[in-house]
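If you read the sequences in order, they're chains A and B. If you're matching positions, the first sequence starts at 1 in the working numbering and goes up one per residue. If you're matching positions, the second sequence starts at 247 in the working numbering and goes up one per residue.
Think of the hints as simulated: they come from the structure by calculation, not from any bench. Treat each hint with caution, since some may be false.
[Said to hold, decoys possible] In the EDC-like style, the derived pairs of lysine to aspartate or glutamate whose C-alpha atoms are separated by at most 16 Å in a straight line are:
no., chain 1, residue 1, chain 2, residue 2
1, A, K233, A, E188
2, B, K407, A, D100
3, B, K412, B, E400
4, B, K412, A, E90
5, A, K144, A, E105
6, A, K113, A, E97
7, B, K407, A, E97
8, A, K132, A, E90
9, B, K412, A, E97
10, B, K492, A, E90
11, B, K492, A, E120
12, A, K233, A, D195
13, A, K178, A, D195
14, A, K70, B, E400
15, B, K446, B, D298
16, A, K20, A, D55
17, B, K412, A, D100
18, B, K492, A, E126
Please read all numbers here as calculations on a predicted model, not as lab measurements.
The lines below spell out each chain.
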Amino acid sequence: MSLTITGLAKSFGQLAVIEKIDLQVKTHEFVAILGPSGSGKSTLFQLIGGLLTPDNGTIQLNEETIDGRKGLISYMPQNPSLFSWRTILENVVLAAELNDKPDYEEAKRLLEKAGLAEFEAAYPNELSGGMKQRVAFIRALLSKQSLLCLDEPFSALDEFTRINMQKWLLSIWEEDRKSILFITHSIEEALFLADRIYVLSKRPTQVKAEITVPFARPREESLLETNEFFLLKQQIFQYMKEEIAE
Amino acid sequence: MQKIRMRGGRSLFFLLVLFLLWELLIRITETPKWILPAPSDVIKEAAASFNDLYGHLLSTICLAIVGLVLGCTVGLLISIILHRLPKVNEVLYPLLILSQNIPTIVLAPLLIIWFGFGLLPKLIVISLVCFFPIVVSSMDGFKQTAPELKHYMEMIGASRKQTFWKLEFPHALPSIFSGLKIAATYSVMGAVISEWLGAKKGIGVYMTLAQSSFRIDRVFVAIGFIMLLSISLFGVIRLLEKLVVKGRKEEMK
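Using the sequences and the accompanying hints, generate a full structural model.
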């Protein structure tokens, strides 16, 4: 599954939000998007999700144009957005349920892998923030689309939980490597997780830089302390500083 | 839950104190029974005429429950239609509010003129009283669905129908139940009012008979049973709520 966006532009009335974005997510690739807040990241996701239609340019999934078409991607939002009246098991199959009968066996297997087997019958209010995000991620995995769009999924978590969640995400992802498009505003997070990083400018948004992350997989936490990691982080920080300063 | 039980216990205790005070004042001032009977007289009368009252009670209970079910079904259907068709909502919602401004006492005789003394006009009265709280509370519930959940449903490509049945409807259940509780208490009042206007049986009939023969003690017996009935219906709805609304302990406290 590959995503290709060419010459994408979107404005709301007089306000140009996205000026021109070209980006690509190849099959089995993990791509992160870094950008200052208000840089139209959410608008970009709404365009990919088909909630908005582009003014210019095209969005293609496997060489097929999907402008304005809904239900073709898996999505994980910033806050877990679990339904409080559904049990955890019922929650994780929600997205799959929209298209056909969900696969409960697969759901149980993934919950068990996430260490949530004993919470199958529990309700979301009994879970911690990190657990809820795991449930939200499994829900996205279970819907059959093979492009995963994650919208700052860990930004609401505390630092300890976040590092654990990042490692957990990689371990699950490496099993079947669905293509991922990951929005974040943490440079470290992008470097630790992604194969490639797009740095966005502030509004009206363009792609400021594209960085290929050279680290091999599977990645360990010790990577965060290496010199290469630090240098890359500094380089990206330079790009972002220019955006803030301008 | 324990808190509620304790609060219920306290208010029951206070009610007992009030009854005691009432009994005492009646005894001291030697008020005649046909002006205001003492609670003990009312209880005696209730026990004495229970066999007589039983039939009346049963008929009112049936009427109230059938009316409640009918009114709630209609109310829920209307609210779903209005919510899903905003254009219809614009036209009909003001009319719904107007419908509540017609005093039941005025409307009921008209309904009898149009539909006779049968069951139909009574059910119309009760449904008319019951459906409004349901419509208002469920529509509020549908509207107050968390925007981030709605956004999520849109992003994963849910149709409007799926969004309604998987998200908005279950999300509104607590609101629907608060409407139901109000409707349940109204339904008993509606039943009694509709019986005043022409029925062979029912607490309303019993009440009018008692009133016209200055049996104030019987009026109080009737009032007592009406209250008991309202509270029981309220309790049943609460029980249903407990069974149906899940995973929201935090919100329910």
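Are the Cα positions of K492 of chain B and E90 of chain A separated by 16 Å at most?
Roughly 13 Å between the alpha carbons, so the hint for K492 of chain B and E90 of chain A holds.
Would the hint linking K113 of chain A and E97 of chain A be met if the CA-CA limit is 16 Å?
violated (21 Å)
Would you mind confirming whether the straight-line C-alpha gap from K70 of chain A to E400 of chain B stays at or under 16 Å?
Holds - the C-alpha atoms of E400 of chain B and K70 of chain A are around 8 Å apart, at most 16 Å.
Would you mind confirming whether the straight-line C-alpha gap from K492 of chain B to E120 of chain A stays at or under 16 Å?
holds (15 Å)
Below or equal to 16 Å on CA atoms is what counts here, so check K412 of chain B against E97 of chain A.
The given pair, whose Cα atoms are some 10 Å apart, holds under the 16 Å limit.
Sort out whether D100 of chain A lies within 16 Å of K407 of chain B, counting only the CA atoms.
Within the cut-off at roughly 15 Å; holds.
Regarding the pair K407 of chain B and E97 of chain A, is the alpha-carbon distance no greater than 16 Å?
Since the Cα atoms of K407 of chain B and E97 of chain A sit roughly 13 Å apart, the hinted pair holds (cutoff 16 Å).
Could you grab the alpha-carbon distance between K178 of chain A and D195 of chain A and see if it respects the 16 Å cut-off?
holds (13 Å)
Quickly compare the C-alpha distance for K412 of chain B and E90 of chain A to 16 Å and report which way the hint goes.
holds (11 Å)
Is K233 of chain A close enough to D195 of chain A, meaning Cα to Cα at most 16 Å?
Distance of about 14 Å is within 16 Å: holds.
Holds or violated: K492 of chain B and E126 of chain A, Cα atoms, limit 16 Å.
holds (12 Å)
Is the hinted pair K144 of chain A and E105 of chain A satisfied, with a Cα-Cα distance of at most 16 Å?
holds (15 Å)
The structure fails to meet hint 6 from the earlier list, while all remaining hints are met.
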